[in-house]
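Trainee: Heads up: the sequence lines are chains A and B, in that order.
Per my numbering, residue 1 is the first one in the first sequence, and the count goes up by one each step.
Per my numbering, residue 1 is the first one in the second sequence, and the count goes up by one each step.
FYI, nobody ran anything at the bench for these hints, they're computed from the structure.
Where a beta carbon is used, it is the ideal one built from N, C-alpha and C, also for glycine.
Take these hints with a grain of salt, some might be off.
Claimed, not checked - Using 16 Å as the maximum straight-line C-alpha spacing, the simulated EDC-like pairs for lysine to aspartate or glutamate come out as follows:
1) B/Lys-87 <-> A/Glu-206
2) B/Lys-8 <-> B/Glu-82
3) B/Lys-220 <-> B/Glu-197
4) B/Lys-263 <-> B/Glu-238
5) A/Lys-434 <-> B/Glu-197
6) B/Lys-215 <-> B/Glu-29
7) A/Lys-52 <-> A/Asp-76
8) A/Lys-63 <-> A/Asp-133
9) B/Lys-215 <-> B/Glu-197
10) B/Lys-180 <-> B/Asp-200
11) A/Lys-430 <-> B/Asp-16
12) A/Lys-437 <-> B/Asp-16
13) B/Lys-90 <-> B/Asp-57
14) B/Lys-172 <-> B/Glu-193
15) A/Lys-437 <-> B/Asp-57
What the hints assert, rightly or not - Partial list, computed: chain A residues near chain B (C-beta under 10 Å):
16) Ala-14
17) Val-16
18) Arg-17
19) Lys-63
20) Asn-175
21) Ile-177
22) Glu-207
23) Glu-214
24) Val-220
25) Lys-221
26) Gly-364
27) Lys-414
28) Val-418
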Amino acid sequence: MNKLLLIVRREFIAKVRNKSFIVMTFLSPLLFLGMSFLIGYLSSINKDEATKIAIYDQGNVLKSSLKSDKETAYTDLSAMPFNVAKDTANKSYEGLLFIPKTATIQDLKSKVEFISDESASADFIFGIEKVVDSILTQDNLKANNLDIAKIEKAKVESSLKLSKYSGDVSLKGINEIKIGLGFIFGYLIMMFIIIYGNFVMRSVIEEKTNRIIEIVISSVKPFQLMMGKIIGNSLAGILQFIIWAIVGVSIFFVATTFFGVETAATSMSKANPEAVKLAAENSGFMAKLPLYLNEIWNLPIATIIISFIFYFIGGYFLYSSLYAAIGAAVDNETDSQQFLLPIIMPLMLGVYIGFFTVASDPHGNIATIFSMIPFTSPIVMLMRIPFGVPTWQIIVSLILLFGTFVGVVWFASKIYRVGILMYGKKPTWKELYKWLKY
Amino acid sequence: MNTILEVKNVVKQYGDYTALNSVSLNVPEGSIYGLLGPNGAGKTSLIRIINQITLPDAGEIILNGEKLNPNHISMIGYMPEERGLYKSMKVGEQCLYLAQLKGMSKQDAKKQLKFWFEKFEIQTWWDKKLQELSKGMAQKVQFIVTVLHNPKLLILDEPFSGFDPVNANLIKDEIIELNKKGTSIIFSTHRMESVEEMCDYIALIHKSNKLIEGKLEDVKRQFRTNTFQVGVMTQNVEGLMYQLTQKFTVGQTDFKSLNDDLKLEVQIGNHATNDLLSVLSQNGQVTHFAEKIPSVNDIFIQTVTD
């Protein structure tokens with residue numbers, strides 16, 4: 001059997017048989033779900049407790065418009081003398097909303113006061129302002145002898161229809177979904193690179209500390225061993241990813257059938273803009289959900305998946321060969337920290353650049369440039385792809401990525417070759433540079 | 001006699017440091033060849049080049065009549081000084097893996113493993129992880145891994161370091177047996193007594209240069225000082241000493257003897273041994289007469305300190 005294959009197989013089996021791998025594979029989706037539920041639950045508790053607000057309405061203008069709801073409970077203290085009300089509010093309420101008596105209602109414009117030691121939430125302030133606004137507006141309308149009922153009737157709430165040149169109708173909010181999806185893919189790649197890069201590094205260090213390395217490289221070339229390690233570990237990673245994908249896709253399938261989405265594969269009627277428009281006009285989220293799921297189905301799924309595979313392989317190989325070189329250069333994991341920083345930096349940069357620039361303008365200059373630079377392209381380009389990226393850009397970026405990958409592997413294998421036989425002291429950057437010339 | 005390994009003017013440099021300065025060696029087929037030298041002399045560098053772990057900067061290596069090439073990997077068995085095995089891998093799987101890396105087929109490897117496991121009576125270890133074995137047990141596995149593929153040339157770097165005396169003896173016997181079956185052995189060590197005992201050829205590398213090479217007896221002959229240890233029973237100590245010092249360089253020495261004799265070390269220089277014998281026998285009864293043969297240790301220290 002080919003020696004590279006033998007190494008790949010050993011690394012793969014060693015990784016997959018590892019208890020932590022099995023636990024990680026099956027536990028982390030559960031953990032992920034558990035965390036989501038926990039966060040959801042905690043934020044629901046957070047909302048359950050209604051904020052208690054006292055009202056002191058001297059002119060009796062506002063209190064009838066302020067209705068208690070799940071989030072805020074209003075109590076009218078206007079009957080008390082103001083000082084008593086203030087004290088009571090200070091003791092047992094979150095705050096006191098003070099509406100002074102003014103000559104005209106219009107004077108309230110800047111007179112309504114909220115007294116509280118804690119700063120009020122933006123939502124609350126906005127809500128109160130809205131109530132005051134509407135009362136003052138109605139008063140204005142009345143003063144000008146305008147029929148409020150007619151005006152209300154004349155009001156229109158428009159909804160912008162988003163569509164593409166191909167005629168497909170887009171839904172509002174789909175951009176957020178695209179950002180989310182791109183972000184998930186980009187983040188996934190970063191996590192994979194860091195986790196599996198570390199596995200490669202640990203496996204190199206293990207062979208060094210076990211002192212088996214010299215026996216192995218008297219049988220195979222160091223380059224074969226390094227590549228075998230990288231490939232073997234990546235296969236384990238891909239297996240883990242496939243397991244997660246199968247779990248995820250089945251959940252998605254269950255969700256789509258549950259909400260009754262007709263997929264592109266089963267029906268052409270989804271393209272009927274009338275039906276989409278009709279459904280879009282139904283304002284309930286539940287009614288719109290099938291449309292969103294439908295929209296997700298209609299994303300360039302094939303492009304996303306194919307590019308994910310290519311960028312995953314390119315990015316992973318690029319970085320894990322560096323991880324392998326670092327593993328070879330040091331004797332134990334603690335020594336690796338100073339060398340790891342320059343590796344983590346571009347990864348983090350990719351995620352942040354992607355998050356801020358792609359979200360605001362997926363085809364802007366910065367986003368485009370960073371989706372070309374090989375060290376960030378696997379992350380940034382994947383974030384851009386759901387928004388539709390010209391094929392030539394993907395091709396150029398992939399060529400750059402794989403070209404750099406070849407260069408970096410050459411560079412890493414030089415350090416690896418020398419490093420695996422060096423024991424004792426931690427090398428300096430200068431020494432690593434010297435090794436390149438051995 | 002055929003040469004299994006020929007090293008021709010091999011140079012290896014690490015940056016500005018020269019690890020091997022045009023070193024040439026000839027290892028005869030079927031020999032046990034001791035590669036000696038102090039720490040940092042360049043032995044390991046040379047061994048790594050022979051194992052194709054690193055490449056020489058200049059010079060060439062001829063193995064079994066051919067220029068060194070990747071096919072030779074399966075012909076060499078190498079036990080490095082820094083050695084170990086995968087701790088969390090099962091013994092059997094590990095041996096199979098390493099044997100296959102050496103180019104053996106799985107079937108062959110299994111067959112050979114069965115032979116060696118039976119020989120060392122360790123069949124029950126097959127499914128054990130290496131970390132469950134004691135150090136001595138792991139050493140046996142290590143040795144099996146080295147010789148499993150029936151190498152023509154066995155390179156052992158400090159083979160006995162870390163082995164307990166029982167295992168060291170076991171391994172020594174196995175090495176000698178393999179040698180009798182025709183395996184050539186290169187033996188790099190600091191343990192001079194095992195060189196003395198096992199090697200028929202030696203080479204000494206010091207500060208990146210080869211200083212000595214040859215058949216062990218030839219090297220010893222080269223280093224002979226024509227010094228003899230003699231024991232003589234005499235009444236006339238002063239007369240004897242006077243006569244001896246006229247012709248030879250004389251010193252005190254000690255050796256085991258049952259007689260109450262005068263023990264001397266005499267360097268005869270260009271004189272014949274009989275000249276010394278006649279002086280001794282004229283003055284008393286000769287009880288001991290032996291040439292002082294330089295030990296490998298003496299040769300080593302003398303060469304390195306010169």
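Trainee: Please work out if A/Lys-437 and B/Asp-57 have their alpha carbons no farther apart than 16 Å.
Mentor: holds, 12 Å
Trainee: If you take the shortest Cβ to Cβ gap from A/Glu-207 to chain B, is it below 10 Å?
Mentor: This hint holds: A/Glu-207 lies near chain B, its Cβ roughly 8 Å from the closest one there, short of 10 Å.
Trainee: With the threshold set at 16 Å, check whether the alpha-carbon distance from B/Lys-263 to B/Glu-238 stays at or below it.
Mentor: It holds: about 14 Å lies between the C-alpha atoms, which stays within 16 Å.
Trainee: For a C-alpha distance cap of 16 Å, please report whether B/Lys-215 and B/Glu-29 respect it.
Mentor: Holds: B/Lys-215 and B/Glu-29 sit about 13 Å apart, inside 16 Å.
Trainee: So if I understand the rule, the pair passes when the alpha-carbon distance is 16 Å or less; does A/Lys-63 with A/Asp-133 pass?
Mentor: Distance of about 14 Å is within 16 Å: holds.
Trainee: Going by Cβ atoms only, is A/Ile-177 closer than 10 Å to chain B?
Mentor: Because about 44 Å separates A/Ile-177 from the closest Cβ in chain B, which is outside the 10 Å limit, the hint is violated.
Trainee: With a cut-off of 10 Å on the beta carbons, see whether A/Val-220 makes it to chain B.
Mentor: Because about 6 Å separates A/Val-220 from the closest Cβ in chain B, which is inside the 10 Å limit, the hint holds.
Trainee: Go through the hint on A/Glu-214 and say holds or violated, using the shortest Cβ distance to chain B against 10 Å.
Mentor: holds, 4 Å
Trainee: Measuring from the C-beta of A/Lys-63 to each C-beta in chain B, is the shortest one below 10 Å?
Mentor: For A/Lys-63, the interface hint is violated, since the closest Cβ of chain B sits about 73 Å away, which is over 10 Å.
Trainee: Sort out whether B/Glu-197 lies within 16 Å of A/Lys-434, counting only the CA atoms.
Mentor: Answer violated: A/Lys-434 to B/Glu-197 is near 43 Å, above 16 Å.
Trainee: So, A/Val-418 near chain B? Judge it on the closest CB pair being under 10 Å.
Mentor: With a minimum Cβ separation of about 9 Å from chain B (threshold 10 Å), the hint on A/Val-418 holds.
Trainee: If you draw a straight line from the CA of B/Lys-180 to the CA of B/Asp-200, is it 16 Å or shorter?
Mentor: Holds, at roughly 13 Å.
Checked against the numbered hints given earlier, the structure breaks hints 2, 5, 13, 17, 19, 20, 21, 26 and 27 and satisfies all the rest.
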